[in-house]
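Asker: Below, each chain spelled out in residue letters.
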Amino acid sequence: MDGFEAYAALFQLLVVLLLLGLGFFVGRWHENRHYKAIHRREEEYLNVPALVTRTVPEDRPIAEAWLVSGTVVVSIDYFKRIAAAIRKLFGGEIRAYSSLLDRARREALLRMKDEGANAEAFHNVRIETSSISSGGRKTIGTVEVLAYATAVRYRK
Amino acid sequence: MILTNLESVPGRFITRHFGLVQGSTIRAKHVGRDIMASLKNIVGGELVGYTELLTEARREATERMLAQAEELGANAVINVRFSTSSVAQGAAELYVYGTAVQVEG
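Chains as they are written, first to last, in numbering that gives the first Met the number 0: chain F, 0 to 155; chain X, 0 to 104.
Keep in mind that the hints are not guaranteed to be accurate.
[Claimed, not checked] Calculated cross-link-like contacts (lysine to any residue; reagent style SDA-like; alpha-carbon spacing at most 25 Å): (1) F:K155 <-> X:R11; (2) F:K87 <-> F:S129; (3) X:K39 <-> F:S98; (4) F:K35 <-> F:V25.
Hint data in this document are derived by calculation from the structure and do not stem from the laboratory.
All chains should be modelled from the sequences, with the hints used to inform the complete structure.
Answerer: Written as structure tokens, this is what we have:
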């Protein structure tokens, strides 16, 4: 191996390390910030029930009902992608992905609730997850979560 | 037009059923967004461009469904369901369907 090839190999290694570091630090920073925002916003909706039941209780007359939805597309960072690839060799739970999907679902739910900001309850909440394909190996790691429900307001 | 994903419109009576109405659209991403997305793939987090794209596409599909319902003379669509499927590399189909009905009260 001559000098040039050695430099090229070193350069490639540096790029990978840089991406790993970027993914680890920036990705973690993003995640912490996101979780903080999620907790704060979830508290605002604590007294607005979101139900998964398909039927609406008859005990309170309803004045208005409309469909609300929230969407988010999230992607995993480079560090977690590599960590997940290593985990795949041994099997078991891929915790890096669990937190991604957890964040995405909660964010989608919050956006749905934001859309129905003056609602008093959400009925028949449905959450749908789909993988957004960008072709090749990158397919894994980018997911779209859609949350939708019927927002209602009761008659006074 | 009232939209719900319940089996009825709460507080109102269904007087007529018109059957299934549907709307769909197939969207491809554009290159600029794809480049931004691959950059975002390094640090993770939300891909805002894609979120906007899919929200817009879903609205388009819903509008097509509503146009169908209107043509039938319905004033509500109940039991609305969304579904997403990737039909080709880099393209996704957003499909929405429901039951067109006439409600009173």
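Asker: Which hint numbers does the structure go against, in order from smallest to largest?
Answerer: none
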